[in-house]
Amino acid sequence: QSVLTQPPSVSGAPGQRVTISCTGSSSNIGAGHDVHWYQQLPGIAPKVLIYGNRNRPSGVPDRVSGSKSDTSGTLAISGLQAEDEADYYCQSYDSSLSGWVFGGGTKLTVL
Amino acid sequence: QLQLQESGPGLVKPSETLSLTCTVSGGSISSSDYYWGWVRQPPGKGLEWIGSFYYSGSTYYKVSLKSRVTISADTSKNQVSLKLSSVTAADTAVYYCARHGGPSGYLPYYDMDVWGKGTTVTVSS
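Residue numbers (this note's numbering), protein chains in the order written: chain A, 1 to 111; chain B, 1 to 125.
Because the hints were derived from the structure by calculation, they are not lab data.
On a predicted model such as this, the values are computed, not experimentally measured, just so you know.
You may find that some hints are simply not true.
From the derived model, a few chain A residues whose C-beta atoms are all more than 10 Å from chain B [what the hints assert, rightly or not]: (1) Ser9; (2) Arg17; (3) His36; (4) Gln40; (5) Ala45; (6) Asn55; (7) Pro57; (8) Gly59; (9) Asp70; (10) Thr71; (11) Ser72; (12) Ala76; (13) Leu97; (14) Val101; (15) Gly104; (16) Leu111.
Straight-line C-alpha distance at most 30 Å; calculated DSS-like pairs for lysine-lysine [as the list claims (entries may be wrong)]: (17) B:Lys77 <-> B:Lys66; (18) B:Lys62 <-> A:Lys47; (19) B:Lys13 <-> A:Lys68; (20) A:Lys107 <-> A:Lys68; (21) B:Lys66 <-> B:Lys45; (22) A:Lys107 <-> B:Lys62; (23) B:Lys83 <-> B:Lys66; (24) B:Lys66 <-> B:Lys117; (25) B:Lys117 <-> A:Lys107; (26) B:Lys83 <-> B:Lys62; (27) B:Lys83 <-> A:Lys68; (28) A:Lys68 <-> A:Lys47; (29) A:Lys68 <-> B:Lys62; (30) B:Lys13 <-> B:Lys62; (31) A:Lys47 <-> A:Lys107; (32) B:Lys13 <-> B:Lys66; (33) B:Lys45 <-> B:Lys117; (34) B:Lys13 <-> B:Lys77; (35) B:Lys77 <-> A:Lys107; (36) B:Lys117 <-> A:Lys47; (37) A:Lys68 <-> B:Lys77; (38) B:Lys117 <-> B:Lys77; (39) B:Lys117 <-> B:Lys62; (40) B:Lys13 <-> B:Lys83.
Beta carbons: idealized from backbone N, C-alpha and C, even for Gly.
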C-alpha cells in the first residue's frame, strides 16, 4: 500500500492528452510538500520529468506539465507519442513519516 | 557530471545481510545541499524509498524497514553504503542510489534528480 495513490494504468491515442493523478494526505502533499514526477522506461532508472509540482528539467518537452491542488498532484501529457509509453511515478515528502514517499506507479499505454 | 554507481553481490542467501555500495563521482557526498538515498524496485513492482544519508551523519529510514536497515558513508572514498539484514525473497529487487534534496538541506526541492543505473539483488539459497 503506497502512501501516495495513483491509477494503475492510463491510455490514450497518439496526439491525445492524458492526465495521471497522485493523491496524498495532510502529512505530505497537503502539508505543502511538493509533488515530483518520474518517467521510467523498461530496464532503466527513473528520470525526473517534473519537479516542484510544475517545473520541467531541461530536455523535457513543454507538452509535459504538472500541477498541484490541496492533497493531490496531476501530471499531464499532451500530444501523446509512442515514446511516452512508460511507467510514471509521483513522489513527495511526508512530515509524519520523516521520509520520502512514492506513488504506486501508473503504466501509460499509447494505443 | 555527477555519476552514481551501485555495486555489491547479486545473490544473497535468505537470513543473511545484503550489502551494497554507492560510489559517487563528479560531486561530494559531504555537500550540505544533498541527501544520498537508496530506492528499490521489486520485479514488476513500484519504487520504494529505503532510507537516506545526510552529510551531517543523520540517517533516515522507512519505518517498516528501520529495524533491518543501516546506511552509512565513507567520505574518504565518497561512498554511501546500505546494509539490509535478515533478508528474505521479498527483498529481491533492483536497488538504486539517488541524490535528493530534503528538509535539512538548502535546496528548495526534495526530488531525486540523479540516479545510479541500479544493481539487481536476488535473495535465494
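Do the hints match the structure? See the list:
1. Ser9: holds, 13 Å
2. Arg17: Arg17 (chain A) clear of chain B: closest Cβ-Cβ about 24 Å, beyond 10 Å.
3. His36: violated, 4 Å
4. Gln40: Non-interface label on Gln40 (chain A) violated, nearest chain B Cβ at 8 Å vs cutoff 10 Å.
5. Ala45: Ala45 (chain A) is in fact no farther than 10 Å from some Cβ atom of chain B, at 4 Å.
6. Asn55: violated, 8 Å
7. Pro57: Non-interface label on Pro57 (chain A) violated, nearest chain B Cβ at 8 Å vs cutoff 10 Å.
8. Gly59: holds, 13 Å
9. Asp70: Correct as stated: the minimum Cβ-Cβ distance to chain B is 19 Å, above 10 Å.
10. Thr71: Answer for Thr71 (chain A): holds, closest chain B Cβ roughly 17 Å.
11. Ser72: Correct as stated: the minimum Cβ-Cβ distance to chain B is 17 Å, above 10 Å.
12. Ala76: Check passes; 18 Å lies beyond 10 Å.
13. Leu97: violated, 6 Å
14. Val101: Non-interface label on Val101 (chain A) violated, nearest chain B Cβ at 7 Å vs cutoff 10 Å.
15. Gly104: With a cut-off of 10 Å, Gly104 (chain A) comes too close to chain B, as the shortest Cβ separation is near 5 Å.
16. Leu111: holds, 22 Å
17. B:Lys77 <-> B:Lys66: Between Lys77 (chain B) and Lys66 (chain B) the Cα gap is close to 25 Å, so the pair holds against 30 Å.
18. B:Lys62 <-> A:Lys47: holds, 22 Å
19. B:Lys13 <-> A:Lys68: violated, 44 Å
20. A:Lys107 <-> A:Lys68: holds, 20 Å
21. B:Lys66 <-> B:Lys45: holds, 21 Å
22. A:Lys107 <-> B:Lys62: holds, 25 Å
23. B:Lys83 <-> B:Lys66: holds, 11 Å
24. B:Lys66 <-> B:Lys117: holds, 24 Å
25. B:Lys117 <-> A:Lys107: holds, 21 Å
26. B:Lys83 <-> B:Lys62: Distance of about 14 Å is within 30 Å: holds.
27. B:Lys83 <-> A:Lys68: Distance ~36 Å between Lys83 (chain B) and Lys68 (chain A) Cα, so the pair is violated.
28. A:Lys68 <-> A:Lys47: Answer holds: Lys68 (chain A) to Lys47 (chain A) is near 20 Å, not above 30 Å.
29. A:Lys68 <-> B:Lys62: Distance of about 25 Å is within 30 Å: holds.
30. B:Lys13 <-> B:Lys62: This hinted pair holds, its Cα atoms lying about 23 Å apart.
31. A:Lys47 <-> A:Lys107: Measuring from Cα to Cα gives roughly 15 Å; hence the hint holds.
32. B:Lys13 <-> B:Lys66: holds, 20 Å
33. B:Lys45 <-> B:Lys117: holds, 17 Å
34. B:Lys13 <-> B:Lys77: holds, 28 Å
35. B:Lys77 <-> A:Lys107: Violated, at roughly 38 Å.
36. B:Lys117 <-> A:Lys47: holds, 11 Å
37. A:Lys68 <-> B:Lys77: Not OK: Lys68 (chain A) and Lys77 (chain B) at ~40 Å, beyond 30 Å, violated.
38. B:Lys117 <-> B:Lys77: The given pair, whose Cα atoms are some 19 Å apart, holds under the 30 Å limit.
39. B:Lys117 <-> B:Lys62: Distance of about 22 Å is within 30 Å: holds.
40. B:Lys13 <-> B:Lys83: Holds, because 14 Å separates the two Cα atoms, which is no more than 30 Å.
Consistency note: the structure conflicts with the earlier hints numbered 3, 4, 5, 6, 7, 13, 14, 15, 19, 27, 35, 37.
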